Amino acid sequence: MAEEKKKKVIVPIGPYHPLLEEPEFFALYCDGEKVVDVDWQAGYNHRAIEKLSEGKHWDQVTFLVERICGICSTSHPFAYCNCVEDLLGTSVPERGRYIRCIVGELERIHSHLLWVGLAGHFLGYNTVFMWAWKYREPVLDMFEIITGNRNHYAMFKIGGVRRNIEEEDMPALRKVLKGLKAQLEMLTHAVLDDPVLGARLKGVGVLTKEHIKNFGAVGPVARASGIGGDIRKDDPYAAYPMLDFKVITADHGDVFDKAVVRLLEMFESIKMIEQSLDAIEGKGGDIQAEVREIPPGEGIGRHEAPRGECFHYVKSDGTNRPVRHKIRAPSYTNIPTFKASCIGQMIPDVAIILAGVDPCYCCTERVAVYDAGSRKKQMYDFNQLVKMSRQKTEKIRKEI
Amino acid sequence: MNVLDTLKEKLGGSIKEIKVHNAKRIYITVDRADVKKCLKTIFRDLDARYIVASGVENFDSFEILYHFGFDVEGTVVSVRTCLDREKPEIESMTSIIPGISYIEREMKELLGIHFTGHPGLTHFLLRDDWEEGNYPLRKAENG
Numbered sequence: 091m092a093e094e095k096k097k098k099v100i101v102p103i104g105p106y107h108p109l110l111e112e113p114e115f116f117a118l119y120c121d122g123e124k125v126v127d128v129d130w131q132a133g134y135n136h137r138a139i140e141k142l143s144e145g146k147h148w149d150q151v152t153f154l155v156e157r158i159c160g161i162c163s164t165s166h167p168f169a170y171c172n173c174v175e176d177l178l179g180t181s182v183p184e185r186g187r188y189i190r191c192i193v194g195e196l197e198r199i200h201s202h203l204l205w206v207g208l209a210g211h212f213l214g215y216n217t218v219f220m221w222a223w224k225y226r227e228p229v230l231d232m233f234e235i236i237t238g239n240r241n242h243y244a245m246f247k248i249g250g251v252r253r254n255i256e257e258e259d260m261p262a263l264r265k266v267l268k269g270l271k272a273q274l275e276m277l278t279h280a281v282l283d284d285p286v287l288g289a290r291l292k293g294v295g296v297l298t299k300e301h302i303k304n305f306g307a308v309g310p311v312a313r314a315s316g317i318g319g320d321i322r323k324d325d326p327y328a329a330y331p332m333l334d335f336k337v338i339t340a341d342h343g344d345v346f347d348k349a350v351v352r353l354l355e356m357f358e359s360i361k362m363i364e365q366s367l368d369a370i371e372g373k374g375g376d377i378q379a380e381v382r383e384i385p386p387g388e389g390i391g392r393h394e395a396p397r398g399e400c401f402h403y404v405k406s407d408g409t410n411r412p413v414r415h416k417i418r419a420p421s422y423t424n425i426p427t428f429k430a431s432c433i434g435q436m437i438p439d440v441a442i443i444l445a446g447v448d449p450c451y452c453c454t455e456r457v458a459v460y461d462a463g464s465r466k467k468q469m470y471d472f473n474q475l476v477k478m479s480r481q482k483t484e485k486i487r488k489e490i
Numbered sequence: 066m067n068v069l070d071t072l073k074e075k076l077g078g079s080i081k082e083i084k085v086h087n088a089k090r091i092y093i094t095v096d097r098a099d100v101k102k103c104l105k106t107i108f109r110d111l112d113a114r115y116i117v118a119s120g121v122e123n124f125d126s127f128e129i130l131y132h133f134g135f136d137v138e139g140t141v142v143s144v145r146t147c148l149d150r151e152k153p154e155i156e157s158m159t160s161i162i163p164g165i166s167y168i169e170r171e172m173k174e175l176l177g178i179h180f181t182g183h184p185g186l187t188h189f190l191l192r193d194d195w196e197e198g199n200y201p202l203r204k205a206e207n208g
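Taken in sequence, the protein lines are chains A and B.
First residue of the first sequence? That's 91 in my numbering, and the numbers climb one at a time after it.
First residue of the second sequence? That's 66 in my numbering, and the numbers climb one at a time after it.
No wet-lab data here; the hints were simulated from the structure.
Predicted, not measured: the structure shown is a model, and the values here were computed from it.
Be aware that a few hints might be false.
Claimed, not checked - Here chain A is said to cover these stretches of chain B; the calculated rule only asks that three of the stretch's residues, wherever they fall, bring their Cβ under 8 Å from a Cβ of chain A:
# : region
1 : 69-76
2 : 86-98
To be verified - Pairs of lysine-lysine, DSS-like flavour, derived with a Cα cap of 25 Å:
# : chain 1 : residue 1 : chain 2 : residue 2
3 : A       : K323      : B       : K89
4 : A       : K405      : B       : K152
5 : A       : K336      : A       : K292
6 : A       : K146      : B       : K152
Stated by the list, open to error - Selected chain B positions facing chain A (Cβ under 7 Å, derived; list incomplete):
#  : residue
7  : I83
8  : L111
9  : Y115
10 : D136
11 : G139
12 : V141
13 : S157
14 : I161
Using N, Cα and C, we set each Cβ at its ideal position, and we do this for glycine too.
Please take these sequences and the hints and turn them into a complete structure.
Given below as structure tokens:
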């Protein structure tokens, strides 16, 4: 294969690319327009957070891990707090647990809306992009009401949450949720019933159950392939055991089914937030348990982030800092699935397959296409790659 | 049968130590030579989900914990093995779990644990011209 690979045309994507949550590099080995292999190189934005964590106090680490991801900034503190609480055996007061779920589920809604918008943008559906991001705004406003910030909420601490949800804010939160449900219904129908989007996304970037198992993929990527794994149900934490919700799965494993899973999950999230608000309204109660010292030992914490299972492992020697803190973000196991999902696909489809696992997005972009044999090199910018994707959509639109 | 009993039955004599932190968190220690056999049983026969592996540096040894999720039971099983402090080395598990390749490359460059039989143990996070023998996650003077 190594010799054969040398003869192929390589399409490098990255290190800076709006489809990727961090600067990363993918080399697509192509035979004509068809992708035959993919290589992944990471580390362009390696910030040594695991190492930094070893030099910080247990409480400071909560804020450090919040900086891992700018979009789902609650996922890592959620998993980290679960992890330290697992080590301690502490239980969080009931109100604190519900507030954790409210923040976690709001984050899922805004993260999925962001994905739907960008997926639409890459396919040439800018209306979807505008709608989805418009509907995301009230969700961010809800965050501001609850936490004081639209992002990086700093809500979590070991033993509970740092801020309460005030009783007088409840009506405003419920009103936003009600409006959001109607908007999401309209958006979901518009996306899933569109014949062109169906033609563009169905059967593209298919992942089988075997692929999911081999790469250890998680979250909506796994659920779109018919694997019902969801940490909220499998290993319930916070208030999830008290909430009534369904785990959304689909069977085909293509990009369309990943969209279906994400869109329908948002309705479950709204349901959970409403149930949580019902449970805490007018009840009062503590939001945090007192935690003083962290004894020697090990802990494992997990959280079902919008992109899948977030996994943290800590080891303590009884001092005020972790001696080892291992973090595994969901994209770490989702991104290698490109080895399976991109192969055999056309270059214009790769943009949406890469976006299909929902890595976050950064803004600078450079794509170079060069022929490895003749050493000819041609630079494309992001607009041209998206243009290729949109041209394909236009072509299908005319045919239908 | 719960996860703990299944593990005891299937892995039998390979288990040197079992630590049950709580019903959902089980740590088992196995010899370096038995890791591959145990992982194959857990990943293939018991159909557990591969989560990740954690490399840990201790004063007198290195440890690797291979974490697996038993999602039906909601349990995390971590298989721990100790490696020699001077020459940390273990067989690569890529032939059993293809997705483990990246974390093995990461442990190699950050902690200096060598994985024999890995198909491409090249740099993953650090740049290609990174100084050989400088492992940034180690607690030694270089780290």
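Each hint tested on the structure:
1. 69-76: With 0 residues closer than 8 Å to chain A, the region 69-76 of chain B misses the three-residue bar; violated.
2. 86-98: holds (count 5)
3. A:K323 <-> B:K89: OK: K323 of chain A and K89 of chain B at ~13 Å, within 25 Å.
4. A:K405 <-> B:K152: holds (23 Å)
5. A:K336 <-> A:K292: At roughly 24 Å apart (the allowed maximum being 25 Å), K292 of chain A and K336 of chain A satisfy the hint.
6. A:K146 <-> B:K152: violated (29 Å)
7. I83: Because about 14 Å separates I83 of chain B from the closest Cβ in chain A, which is outside the 7 Å limit, the hint is violated.
8. L111: violated (12 Å)
9. Y115: Y115 of chain B check passes; min Cβ-Cβ to chain A is 4 Å, inside 7 Å.
10. D136: With a minimum Cβ separation of about 5 Å from chain A (threshold 7 Å), the hint on D136 of chain B holds.
11. G139: Since chain A brings a Cβ to about 4 Å from G139 of chain B, closer than 7 Å, the hint holds.
12. V141: holds (5 Å)
13. S157: Since the shortest Cβ distance to chain A is 15 Å, the answer is violated.
14. I161: Nearest chain A Cβ about 10 Å off; hint violated.
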